[in-house]
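Top line first, the protein sequences correspond to chains P and Z. All residue numbers for the first sequence refer to this note's numbering, where the first residue is 1 and numbers rise by one. All residue numbers for the second sequence refer to this note's numbering, where the first residue is 1001 and numbers rise by one.
Just to be clear, a hint being listed does not mean it is correct.
[Said to hold, decoys possible] Taking beta-carbon pairs under 10 angstroms as the criterion, some of the chain Z residues facing chain P (in silico):
| hint | residue |
| --- | --- |
| 1 | 1026 |
| 2 | 1047 |
| 3 | 1087 |
| 4 | 1117 |
| 5 | 1120 |
| 6 | 1180 |
| 7 | 1221 |
| 8 | 1223 |
| 9 | 1233 |
Since the hints were derived computationally from the structure, they do not count as laboratory data. All C-beta atoms in this analysis are idealised placements derived from N, C-alpha and C, irrespective of residue type, glycine included.
Take a look at the letters that make up each chain.
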Amino acid sequence: MASTIQRSIVTTESPAVRYLLTGLALLFISVFLVIPLASVFVEAFRQGWRLYLAALVEPDAVQAIKLTLIVAAISLPANLIFGVAAAWAIAKFDFKGKSFLTTLIDLPFSVSPVVAGLIYVLMFGAQGWWGPWLIEHNYTIIFAVPGIVLATIFVTFPFVARELIPLMEAQGSDEEQAAIVLGASSWQMFWRVTLPKIKWALLYGVILANARAMGEFGAVSVVSGHIRGMTNTVPLHVEILYNEYNFVGAFACASILALLALLTLAAKSYVEWRGEQQAAADRRHAVEE
Amino acid sequence: MRFKQPSVLPGFNLSLGYTLFYLSIIVLLPLSALLIKTSALSWEHFWQIISEPRVVASYKLTFGASLLAALINLFTGLLVAWVLVRYQFYGKRFIDAMVDLPFALPTAVAGIALATIYAPNGWIGQYLEPLGIKIAFTPIGIVIALTFVTLPFVVRTVQPVLQDLEHELEEAACSLGAGRWQIFYKVIFPTILPALLTGFALAFARAIGEYGSVIFIAGNMPFVSEITPLMIISKLEQYDYLGATAIAVVMLVVSFALLLLINGLQWWTAKRLGRVK
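Model the full structure from these sequences, guided by the hints.
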């Protein structure tokens, strides 16, 4: 969040320059951000409420929404547990190879989504490493839900860890060590000392990961097979409808995702604010000690 | 030095063990599948696949458009960060939150929205059409889509640095007789340069891998408006797994190089600002 610094008259630009720069910035943001966002809703309602709602209750759309929710419900907890475990190991202990491990955790961020999908096809696809074995035993991963879940786990992998690691490093281990010395068991220490300190960062990471999980397109596109009603998430469904020139349908589904994006931004702002409040309170406590 | 410094805290083995296990099966093993599959190719065959004219055209387009988008965001990102940190205006909080929209909005939604807006009969496209400017289904459209997607990177890396800038430095420079432009060029700019470069590199890295927001506006014609991720998918659809993996390896190598570069830039930023990591 931006806060303004009080500027003395000598260290700021003349009003004319200020207005010009502000105007340019606002113009840029309007053209590149506000207009596309607005267009999603306008195009969705272009032919009225009835067709909008009809597009959303259509069976394939409902299935897509269900699949998106299921995928998020599986991938988020998995990456949450990983994030906490990785942050604990990296932030609270000193060991060789720690920064290399941190770089490895960031790897999924730098990989293109299409490559992320491709690697799972290479492992589990018909011609992949385990392809023949899977076919023999009648399991399907690629072109089915498990593949979509795996690809989504990959692309949302670092979110929680990246939020927790800097925070836990900055918070230090004093309170945890005090708890251990006072006789707390490991789980007590974790639940009652660590978790309350990191809960806002945790929530922040989950919000970001959720936005990515529900909106992922490239990676899921590669592993899903695009089978309507079965292996389409909402973003893929949007693509199918758009390619069929069903613009109202496409934008109707897109508007749900856009709404989700706005909720994400709002939740993000709120959690950021609470996190800052907590950090300020921690600093006050530290000074008082 | 031993592997791990002694500590009173519990859970090291469990947490590190689980971390490595999960990391391996989700990230390392699948990525190694990519490299192992490609190693089955001879060097000549590999080179032949990744230097096909159509593939090379896609590299030029992908890297060129990404570079352009990152450059645009370099300037506009600095502008937006400057305005957000230093000026007061109505609706500032809203704009500040909106900057993160490309992070929160699914790429497919951005893709269809931009394609519709810049189409010849679209919201913006209809005004540009009579001027002879075509955006949708041309490389320009790709640059616009990539600019949208990478918009937050420079803003968010520069904002904290601008915010923490020491007021006293500027006042000192001013009292020593520097004009506004001199203050910016000699005092402010060197301090924010590492952050600017980091944001630029992040934007570039994200742009080269982008798929969802580009394919709707791109036109996807071979040699003209086909991006590299799309090439990978085309090869997959033709069951040319070797071709797809070869190109993917090229992208992976570039991504990894950029990741190392970005880490280096972030280390430089921390050093420049005097923060200990």
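Here is how each hint holds up against the structure:
no. : hint : result
1   : 1026 : holds, 6 angstroms
2   : 1047 : violated, 20 angstroms
3   : 1087 : holds, 5 angstroms
4   : 1117 : holds, 5 angstroms
5   : 1120 : violated, 15 angstroms
6   : 1180 : holds, 6 angstroms
7   : 1221 : violated, 16 angstroms
8   : 1223 : violated, 19 angstroms
9   : 1233 : holds, 6 angstroms
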